[in-house]
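Protein chains in written order, with our numbering: chain E, 10 to 306; chain L, 4 to 538.
A few of these clues could be false.
Stated by the list, open to error - Here are the simulated DSBU-like cross-link-like pairs (lysine-lysine), alpha carbons at most 30 Å apart as the crow flies:
hint	chain 1	residue 1	chain 2	residue 2
1	E	Lys47	L	Lys136
2	L	Lys249	L	Lys420
3	L	Lys448	L	Lys420
4	E	Lys180	L	Lys411
5	E	Lys205	L	Lys418
6	L	Lys375	L	Lys352
Claimed, not checked - Computed Cβ-Cβ distance ranges for the label pairs, DEER-style:
hint	chain 1	residue 1	chain 2	residue 2	range
7	L	Gly400	E	Leu150	23 to 31 Å
8	L	Glu341	E	Ala39	39 to 47 Å
9	E	Pro179	L	Val274	53 to 61 Å
10	L	Ile164	E	Val143	33 to 41 Å
11	L	Gly400	E	Asn294	27 to 35 Å
12	L	Glu341	E	Arg115	25 to 33 Å
13	E	Val143	L	Pro307	33 to 41 Å
14	E	Lys47	L	Gly400	20 to 28 Å
15	E	Val143	L	Arg188	49 to 57 Å
16	L	Glu341	E	Val143	49 to 57 Å
17	E	Pro147	L	Leu486	33 to 41 Å
18	E	Glu38	L	Glu341	28 to 36 Å
19	E	Arg40	L	Val274	18 to 26 Å
What the hints assert, rightly or not - Just so you have them, the derived chain L footprint on chain E, three or more residues with Cβ under 8 Å:
hint	region
20	159-165
21	170-181
22	247-254
The set of hints was computed from the structure by calculation and includes no laboratory data. Idealized CB from N, CA, C, for every residue including glycine.
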Amino acid sequence: MPMYQQGDSRSSEHALQNGEVDPAVSALEARQDEILRKLYELKAAVEGLAKTVTTPDADLDVTVSSSFSSQSSRSIMLEGSTDLDTLLGEDLGALRDIVINANPARPPLTLLVLHSLLSQRYRVLSTVHVHSSVSSVPPQLQSCLGPRHPDSYARHLFQLGFTLIWKDVPKLEMKFSVHNMCPIEGEASVARFLFKLLAPYPSDPAAATLVDSWVDTAFFQLAEGSSKERAAVLRALNSALGRSPWLSGPEFSLADVACYCCVLQSCAASSAPANVQRWMKSCENLGHFSSTKQLLQ
Amino acid sequence: MKFRSFKLQNLLIATEEQQAQSKKALKKQQKEAEKAARKAEKQAMAASEQQGADEDDFAKERYGVSAMVQSQQKLDRVLVRVQDLSPEKADQLIWLRARIHTSRAKGKQCFLVLRQQQFNVQALVAVGDRASKQMVKFAANITKESIVDVEAVVRKVEQKIESCSQQDVELHIERIFVISQAEARLPLQLEDAVRPDGEGEEEGRATVNQDTRLDNRVIDLRTTTSQAIFRLQSGVCQLFRDTLTKKGFVEIQTPKIISAASEGGANVFTVSYFKTSAYLAQSPQLYKQMCICADFDKVFCVGPVFRAEDSNTHRHLTEFVGLDIEMTFNYHYHEVIESITDTMVQIFKGLRDNFQTEIQTVSKQFPSEPFKFLEPTLRLEYTEGVAMLREAGVEMGDEDDLSTPNEKLLGRLVKEKYDTDFYVLDKYPLAVRPFYTMPDPNNPKYSNSYDMFMRGEEILSGAQRVHDPELLTQRAVHHQIDLEKIKSYIDSFRFGAPPHGGGGIGLERVCMLYLGLHNVRQTSMFPRDPKRLTP
Numbered sequence: 010m011p012m013y014q015q016g017d018s019r020s021s022e023h024a025l026q027n028g029e030v031d032p033a034v035s036a037l038e039a040r041q042d043e044i045l046r047k048l049y050e051l052k053a054a055v056e057g058l059a060k061t062v063t064t065p066d067a068d069l070d071v072t073v074s075s076s077f078s079s080q081s082s083r084s085i086m087l088e089g090s091t092d093l094d095t096l097l098g099e100d101l102g103a104l105r106d107i108v109i110n111a112n113p114a115r116p117p118l119t120l121l122v123l124h125s126l127l128s129q130r131y132r133v134l135s136t137v138h139v140h141s142s143v144s145s146v147p148p149q150l151q152s153c154l155g156p157r158h159p160d161s162y163a164r165h166l167f168q169l170g171f172t173l174i175w176k177d178v179p180k181l182e183m184k185f186s187v188h189n190m191c192p193i194e195g196e197a198s199v200a201r202f203l204f205k206l207l208a209p210y211p212s213d214p215a216a217a218t219l220v221d222s223w224v225d226t227a228f229f230q231l232a233e234g235s236s237k238e239r240a241a242v243l244r245a246l247n248s249a250l251g252r253s254p255w256l257s258g259p260e261f262s263l264a265d266v267a268c269y270c271c272v273l274q275s276c277a278a279s280s281a282p283a284n285v286q287r288w289m290k291s292c293e294n295l296g297h298f299s300s301t302k303q304l305l306q
Numbered sequence: 004m005k006f007r008s009f010k011l012q013n014l015l016i017a018t019e020e021q022q023a024q025s026k027k028a029l030k031k032q033q034k035e036a037e038k039a040a041r042k043a044e045k046q047a048m049a050a051s052e053q054q055g056a057d058e059d060d061f062a063k064e065r066y067g068v069s070a071m072v073q074s075q076q077k078l079d080r081v082l083v084r085v086q087d088l089s090p091e092k093a094d095q096l097i098w099l100r101a102r103i104h105t106s107r108a109k110g111k112q113c114f115l116v117l118r119q120q121q122f123n124v125q126a127l128v129a130v131g132d133r134a135s136k137q138m139v140k141f142a143a144n145i146t147k148e149s150i151v152d153v154e155a156v157v158r159k160v161e162q163k164i165e166s167c168s169q170q171d172v173e174l175h176i177e178r179i180f181v182i183s184q185a186e187a188r189l190p191l192q193l194e195d196a197v198r199p200d201g202e203g204e205e206e207g208r209a210t211v212n213q214d215t216r217l218d219n220r221v222i223d224l225r226t227t228t229s230q231a232i233f234r235l236q237s238g239v240c241q242l243f244r245d246t247l248t249k250k251g252f253v254e255i256q257t258p259k260i261i262s263a264a265s266e267g268g269a270n271v272f273t274v275s276y277f278k279t280s281a282y283l284a285q286s287p288q289l290y291k292q293m294c295i296c297a298d299f300d301k302v303f304c305v306g307p308v309f310r311a312e313d314s315n316t317h318r319h320l321t322e323f324v325g326l327d328i329e330m331t332f333n334y335h336y337h338e339v340i341e342s343i344t345d346t347m348v349q350i351f352k353g354l355r356d357n358f359q360t361e362i363q364t365v366s367k368q369f370p371s372e373p374f375k376f377l378e379p380t381l382r383l384e385y386t387e388g389v390a391m392l393r394e395a396g397v398e399m400g401d402e403d404d405l406s407t408p409n410e411k412l413l414g415r416l417v418k419e420k421y422d423t424d425f426y427v428l429d430k431y432p433l434a435v436r437p438f439y440t441m442p443d444p445n446n447p448k449y450s451n452s453y454d455m456f457m458r459g460e461e462i463l464s465g466a467q468r469v470h471d472p473e474l475l476t477q478r479a480v481h482h483q484i485d486l487e488k489i490k491s492y493i494d495s496f497r498f499g500a501p502p503h504g505g506g507g508i509g510l511e512r513v514c515m516l517y518l519g520l521h522n523v524r525q526t527s528m529f530p531r532d533p534k535r536l537t538p
C-alpha cells in the first residue's frame, strides 16, 4: 500500500536524521499506522458530511484543499496530520493539549465556534473542567463542548486536546506548550491561534490585515464599545457585506466568526441592517454556531 | 511538725537499708534527704506565712486549689466555651474551664491568657472589691498549662486584642480555682512550638525541632497548629466515609495479622504467632478483593497499614492509616477512577467549605498556597507524562518508573499548564506494577493502572485487578511468586469473580499535602518510623 510505504520511509528518515538506531521506531510506525487508519476513517466521514452540506460550508473545505490541489485527496489528509507537526511542533508521541482558562461570567463564544470547526477537521478530545476557584458553573457551560466523545477513555487516539477550564481569571488565557510559549491572553489572540490550525491566513498581506482588523473591531468596539460605537460598526459591517458574501471577501474567515459572536453577545442582532441579517443567517447555516445561541439563552 | 519527723524516720529506714551499700551512694542519698528536708521546711514556712496573711484577706473564699475532682458532687454549673465568648455575652457573669496559656503580673493587676483548644481569651484579675492583693498574687503564681475554673464577667474591649482568638471581649475574673496543677517546668514552650519557621531566627527566639516536639507529643498536640491539623484530619475521614456511604459503599473491617504477604515478603513485618510466624498487613488488598468476590460490590475500609521499609524520608511511615476502596465496574475501569476522583473532590470541597478556620490556622505557621483542583479531575496518560518530562529535558525510557524527583517535576509541569494540585496519571507500564494488575488490552507493555497525585506527590496507587484465575496464575509465575503461598487468594476467583478495581490512600499524606506541610510526621498523631517507636 502506498500509504504504508510513505509512512515507512518517513519514519526511517527520521531515525537517520537523529543519527541513531531507535528501538522505538517500530512502535512509532505502529502508531503512525494507527493514525493513518484513523485519518482514513475521518476522511471518509468528512467526505460524507461535505456531500450533505450545501451551504457556504463547502467554501471552507475548498479553501483548505485548494492549497494542496496538486496532490491527490489521500495525501491531503496526510498533509493534515503533518500540518499539526509543522504548526505545533514535533510530535512527542502524546496528545497535544490546548488548555483554555475562561471566566464563566464571560463565555468565549468565538472559541466555541472554532472548537466546533476544529472537531470537524481533526480528532479532538474535548473536556470541560471547573477550577476550584469558582464555586458553581451553570450546567449549559459545563456541557458547552457537546457530549463526550465515545472514545474519550483513550486519549492517545486523538490528534488534539481541547481542554476548557472554567476558572476565576480576569482575562481569558490559553496555555499550550508551557516550555516554549508564554500563556496567551485575550479571546482574540487565542481565536487567531486556533483558526490558523484550520486554514492558513490569506497569503495576501492586505487581506490578512483586513481579517485582523475585523477581529479587533469585533472585540474592542462591538463587545466593549458604547452603543454609538456599536451602531457605527454595524453600518461598516453592512457596507462590507454588500460588496462580498463574507467579511474578508469570497471566503469564510475568522473575521466572520469574531464579528458574528460579538454582534450576538452585544444583543445588536435584532436591530442589524439587512446585509448583516442575511450574513448572520448564512453563518448560522454553517451549523457551527448553534452552541453559542444555546449559551446566550 | 509531724511532717518533719516522718521525713527523719524515712531517712533512718533508708540508712539502715543502705549499710551494705557503698559510702558514695550513702552520701548522695543523705544529701538528697537533707535537701528534701530543707525544701519541706521552706514550704511549711511559706504556708504559715500565707496563713498569717490570710487573716486579713477578704477574698480567700474566691480562689485556691480545688480538691481533686473525684466526682464528689454534681454541680449545676454551666461552663461556657471560649469560642462562644462574643460581644453578645457582654456584662454576663459566666463560668469557664480553661488552661493558663500565659500570665503576666503587673503591680495590682494580673493578665492571663486562657486557652481552650485552638481558642484563647484575655482575662484580668485586678485588686478591687472582688479580688484581694493575695488573690492577684495567687493568680500570677499559677503555673503555665494548669487547668483552672474561672468565674468572670465578660466585658467588651475598646481596642481589639490582637494576640487572642476572641478579640472583642475580655474576662474580669471574680473567682479562680486550680483544678489541675501543671509542673512548673515545661519541656517545650507552646509559643515556641507555633512560631513560623525563620521568624524565630530573626528575633533571636527559640524554635522547637521536630524530635523534641514528637518526644513531648502530648504538649505539642496542644498547639493551635496541631489542634487544627488533627481536626482537619478527622474531617477527611468523615468526608471520605460520608461520600462513599452515599455512593452505596459498605465499610468493612479486615484482619491485620495475615499469613502471607501480598507482594512478596520484602517489606512486611514478621510477627511470631504461636508456633509459627505471621505478617502485619501491608494493605487490605486481598481482603477487599475477597469481599468483591463475595458480592459486596463496593467496599471501603479505614485502618492501619504497615510497611517495613527502612526509609527515613519526609513522607514514609512504618504504620499509617489507609483509606482503601475496592469496587466492581461494568465495562471499563475508568468507572473506578471516576468514582475515586469524585470522592477526593468531595473531600477537597468539604475541607474548603467547612474547615477554613483550621486551614488558616495551619497556614499561619506553615504558609502555603491554597489547594487547587479541577472537577472533573484531570486524567493524563503515562505516555503524556513522559512526553511532558522529555520536553522539559528529562531523559527516561518509555517503560521506566517515575522517580520521586521526576514525579515532583511532572507535578510542577501539570500545575503550570492546568493549575491543579490533584490529577490522575493513567496507564502505567505493566513492568512496574504488582502481579495482580490487569494488562492493557491494546498494548501489553502497559496496564490498566493509575496513580493519583497531590502537589506532585503520590497519594494513591490503584489498578484494575486480574479477576481471571488463569491469567492471575500466569502473572504470579511471571513475577516469580510462590503459588502455594497465594493459593487461597487465587482460589477466591475460581467461582465467578466480577471485574473490579480500586486503590488505597494514605490519610496522613493526604492531610500533609492538602495543607502543604513538609513532613508526614506533622499529620501523624503518634508517628511510627524506623527510628521512632515512642510515645
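Here is how each hint holds up against the structure:
1. Lys47/E - Lys136/L: violated (92 Å)
2. Lys249/L - Lys420/L: With a Cα-Cα distance of about 33 Å, the restraint between Lys249/L and Lys420/L is violated, given a limit of 30 Å.
3. Lys448/L - Lys420/L: Status holds; Cα separation ~28 Å.
4. Lys180/E - Lys411/L: holds (29 Å)
5. Lys205/E - Lys418/L: holds (27 Å)
6. Lys375/L - Lys352/L: Distance ~10 Å between Lys375/L and Lys352/L Cα, so the pair holds.
7. Gly400/L - Leu150/E: 23 to 31 Å: violated (41 Å)
8. Glu341/L - Ala39/E: 39 to 47 Å: Since the Cβ atoms of Glu341/L and Ala39/E sit about 29 Å apart, the hinted range of 39 to 47 Å is violated.
9. Pro179/E - Val274/L: 53 to 61 Å: The hint (53 to 61 Å, Cβ to Cβ) holds, given that Pro179/E and Val274/L are roughly 59 Å apart.
10. Ile164/L - Val143/E: 33 to 41 Å: This hint holds: roughly 36 Å between Cβ atoms.
11. Gly400/L - Asn294/E: 27 to 35 Å: Given range 27 to 35 Å: violated, Cβ gap about 52 Å.
12. Glu341/L - Arg115/E: 25 to 33 Å: holds (30 Å)
13. Val143/E - Pro307/L: 33 to 41 Å: holds (38 Å)
14. Lys47/E - Gly400/L: 20 to 28 Å: holds (26 Å)
15. Val143/E - Arg188/L: 49 to 57 Å: Holds - the Cβ-Cβ distance for Val143/E and Arg188/L, about 52 Å, lies within 49 to 57 Å.
16. Glu341/L - Val143/E: 49 to 57 Å: Since Glu341/L and Val143/E have Cβ atoms about 21 Å apart, the given range 49 to 57 Å is violated.
17. Pro147/E - Leu486/L: 33 to 41 Å: This hint is violated: roughly 56 Å between Cβ atoms.
18. Glu38/E - Glu341/L: 28 to 36 Å: holds (34 Å)
19. Arg40/E - Val274/L: 18 to 26 Å: With a Cβ separation near 50 Å, Arg40/E and Val274/L fall outside 18 to 26 Å, so the hint is violated.
20. 159-165: With 4 residues close enough to chain L, the hint holds.
21. 170-181: holds (count 3)
22. 247-254: Our answer is that it is violated, as 0 residues pass the Cβ test (under 8 Å) against chain L, missing three.
Consistency with the previously given hints fails for numbers 1, 2, 7, 8, 11, 16, 17, 19 and 22, ordered from lowest to highest.
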